[in-house]
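All chains, please: the whole structure from these sequences, using the hints.
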Amino acid sequence: MDVTLTVNGTPHVLEIDDPRVSLLDALRQRLDLTGTKKGCDHGQCGACTVIVNGRRINSCLTLAVMHEGDEITTIEGIGTPGDLAPLQQAFIRHDGFQCGYCTPGQIMSATAMLEELRQGWPSQVTGDLGSPALSDDEIRERMSGNLCRCSCYPNIVDAIREVAGKAAEGAA
Amino acid sequence: MPEPIELKLDHRMDLPDQEDLLDRMAQGVISTPMDRPEGPLKVSGTASYADEDHPPGTAYGWFVRANIAKGWVTGLNTKELQTMPGVLAVIRDDRMIRNPAQGGDAKSPHQGPAEIFYKGQPIALVVAETFEQARDAGLAARAEYKDSSHKAVILPAQAKYEEPRSKQSSQGNLDRAMKKAAFSVDVEYDTPSMSHAAMEPHAAVAWWEDGRLTLRGSYQMLNSNAQELADALGVSVKKVRILSRYVGGGFGSKLGIGHEGVGAAIAAQKLGRPVAIALHRRQVFEATHRRSETRQRVRLCCDADGHLTGIGHEAWVSNLPGEDFSEPVTQATSFTWAGENREIGHYIGRLNLTGAGSMRAPGEAVGVPVTDAAMDELSEAAGIDPVEFRLRNIPETDPSTGKPFSSNRLADCIRIGAERFGWSERPKVPGSRREGEWLIGFGMSAIIRVNMLGDSTARVTLRPDGTALVETDMTDIGTGSYSVLTQIAAEMLGLPPERVTTVLGDSDLPPSIGSGGSRGAASSGSSVMLAARALRGKLAERMGCDEEELTLKDGTVIAGNRQRDLADVLAGDSLQGTGTIRKGKAEDGHRQSSWGAEFCEVAVSSVTGEVHVRRLSGVFAAGRILNAKTARSQCMGGMIFGIGQALHEEVFHDARDGSFMNRDLAEYHVPVNLDVPHMDIELLMDDRDPFANPMQAKGIGELALCGTAGAIVNAIANATGHRFRSFPVTLDKVLEKLG
Amino acid sequence: MKAFDYARAATPADAIGTDARIIAGGTNLLDLMKLQVETPARLIDINHVGLDGVERDGEGLRIGALVRNSDLAAHPAVRQDWPLLSRAILAGASPQLRNRATTGGNLMQRTRCYYFYDVDAPCNKRVPGSGCGAIGGVNRIHAILGASDHCIATYPGDMAVALSALDAVVEVEGPGGRREIAATDFHRLPGDRPDLDTELQPGEMILSVRLPAPLGGRQIYRKVRDRRSYAFALVSVAAVVTMRAGRMDRVRLAFGNVAHKPWRAPAAERMLTGQAPSPELFARAAEAVLEGARGQGHNDFKIPLLRRTLAAVLAEAVQETE
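Residue numbers (numbering that gives the first Met the number 0), protein chains in the order written: chain A, 0 to 171; chain B, 0 to 738; chain C, 0 to 321.
Hints listed in this document are in silico derivations from the structure and should not be mistaken for laboratory results.
Heads up, a few of these hints could be off.
Said to hold, decoys possible - So the derived label-pair ranges between C-beta atoms look like this: (1) A:Gly81 to B:Glu18: 37 to 45 Å; (2) C:Ala282 to B:Gly720: 19 to 27 Å; (3) A:Thr5 to C:Gly215: 44 to 52 Å.
Only a predicted model underlies this, so the values are computations on that prediction, with no experimental measurement involved.
C-beta atoms are modelled at their ideal positions from N, C-alpha and C, and glycine is treated no differently.
So this is what it looks like as structure tokens:
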């Protein structure tokens, strides 16, 4: 069947003759968007995180055919080597990665997570379920769906805090 | 472009370095916290890993697993599989391997997958047009067996232990010292099987052109990997090229050629088209390597003043039958602490479980936390502060050999670390500090990792436009090779780093030792330094000065009061330097190690037994630090690896049949972001080790892990008043003691 | 993953009464299908049938089956009046998974038993009659309550534990019409049919979950696990306690990952209701919860863990509502 995915703003009509193709494999193998990584293929690591219709999800645990008409943002849509987004730059400055394999997923997650915070979504560390503040623990908890075996977690937190802090200053 | 002018510089490390060359360079880029040059590619998803950039027509492979732990494959439902949609081949080939090669083997690992040595061993390969079809057919495979699983040895307690003579040592009389001592401990610890769990699953994409194989793989040591692969395939190493431009973490799991590499190469050969195999995460767990479980007995004794008089360390580890590697648990015990009566024991059991191999800091990663926890126990018995007790027992020379240390900064690390951490605030009485339900404790550990050098070659080309190209088959598995090699070349050649391009991860490039054993940066870095130095010689010649009089900075060549643009001096030529560093006698006469100390604050729930690491800080000395940012990240990563080791990580094997039960990332618990607290990391930037290599730099990639778990269990002991001698310290173990 | 036919439902009616497996978020079903633990021949995708609203229902709340976990946890009414539910959901999985996972799908989540997940191992839940690998095997995460000789698996989720404590009702529709199942009764005990996780009948589909009027009081969800996030519970305790004149007035208790279903504890609730809190009473309540509890070896620790965690949760609950 034909599936239309709008990826990073560009509509693609994919002929998916095997419904078993995950969204992740469709991106990586059909569209050659290999920035989205396959770490576990079971929703246990977060390396495949993409943003679908504004929400971050694990692209390994969903089928391409389930996303007819959806708007998908992958790491390639966040910024290119010559035109990096602030979060990408902050990850470089703070060394928020080492091997780099979980990194696209971390950045997709961080991008969506800042929006979730803006919308006031609580997390398990939001004491009263009220308006969450941008504390280190909030960032840590909200980024815990993205494993990093090189373990750059503190640097990732620093990078996100810096970008979120700047955004908050800009808004104030 | 004209042929480059070739220059060479070989150096064997026989004598300590006295030139301090890097300290005399002018560019000022070495040691700085420079951003990773490949950073923009990694953060934008454009760095390309093994299972990417598939050539047109690529087919996909999936391994069939053995579901018994011992026996022979006698049949397979091949015909049935061949009729499944998309299936191109069902491959059972004697060249396929039992388990991946060990690091540096440079020959094929054990071949012939029909004989089964562990549950989960790949026994056949199914190749199909698409990934989905290959997976489906691979899971539909049904093998027939000659089943000998009743003879499989699953539990360490059932294993017969070999006692290799070369791995035992003894001096003085430890038994007598223990009896005479004012204070002593004789304790047993155990650590479980662990898994590397690098984020990128092992993967390979293979294709043959004119009888030559190109393999995109995820490997750490390309020179020996190409030899291993060629040997497994039965072809000349000249017929094999391996590309590993970016490696999504290794931690030792990608040191040797693996199933995916050999399988993809064979399948591509048979089918005459490219074949890609990415191991499923479960296969990564059960069919690559694990870190061996260990049982360790530590005996320590001291006099009334807290001076050690004896130290004994025995370790029981395991591996598959016929594997040479065994976790060198006691590696640092011979030289870390004083004491004239010493005993080392090393025993190897043969188990029918996933093979054991090198995992980040093999040996010290599990040996140092245990000896250090025992040191903590003895300090408590002797009534001496743990910091003071350790400081009293740092030997002047290697106590096993009498040889001097090339450099020993352990005391500095401990003192500086204690100060930065606020050790004086440590609860003096274990179990005495409480915040609500949480028991608070401090702990510390010495951090030790031996330092090594490996033969390495690199090529550095100065191009007519005054830019430089660095080439070696070295890999960057997250360790910062791209960064430090760029910085070394930039420093030596007086170039801004943007004018240096570093190309790695291609076995056709000059051979390095690769990434493993914390040797990579120092070894390949030295070869880059030597290659660049050869170029400096040529530039000096062109300037008509001695090399010592030459200053290179920002693309300018300066000799005395003469100053010329580098491109001018090159005058349209390319200069190509090849540098080679070789191991030599410098390491024979002196004990070399990297050093550190870590300090930890934990909170232990008196309700649930959960342990939270609240603070973790470390001070490290590893000779010259090549990049303060990447070195710090390596230390951070090692310390967090240690949090996992102390609190979470454990492979569960079913004792009945050897099944690796928690072979996924949901149930094998590596730390997540919320597990990790604020960390304070200090590098001793003034440290140098002239015996190590011409850069005077030592290994740092594994160092920080070598003791972290000790600091954490020592903190738990301080918090709770109980010693935990079985890793990981999960809440069930804590609850049992809390009563 | 075995081949299957895929169809998209436009309305709930398209999915009700068919023999196709319903897929919503897919976060558990696809996980299992990749391993061939689940091998449905047909999938029907209900992501576009609606049922994705949260509406007031008298004093209560009606939650559509397709409401995503994230939306439910962040919903202002839930945070205000049923905070237990928000907390339980937020304790589970990861933000990415919660963005995809649905209310109905989460109720249908299957066990994390290692042997269920391993198609080469015996498992009565996966292949009835094949035996139970977990009994005598690796069973650290397994049930201490309500298990049988056929199965010691647990229901692994968090949300359903809160729903049980909150006396929620699951509305389902099948070929025979609509019916309601109390959340507490939605999951089964394994008995000799561990292949059946829930009371949902073939052809039935979850339409919504209804929460009754808010209970108020202090609502605590404490999840105890091996790492601090992104891990299943070893034991979780859901508690709602209201206080009146120094005595516990309304008490609701449910426990996660100790049984094949969220484990509600009516005897303990009765024991506590109307009483002044005391450590001794909490200890007796814990014994009531644990009546008949049995460890399997590796999971023996769950018994003291539940006892201690419950006591701490109750102490916290009564402290802050006075």
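Structure-based check of all given hints:
| no. | hint | in the structure |
| --- | --- | --- |
| 1 | A:Gly81 to B:Glu18: 37 to 45 Å | holds, 40 Å |
| 2 | C:Ala282 to B:Gly720: 19 to 27 Å | holds, 24 Å |
| 3 | A:Thr5 to C:Gly215: 44 to 52 Å | holds, 46 Å |
Checked against the numbered hints given earlier, this structure breaks none of them.
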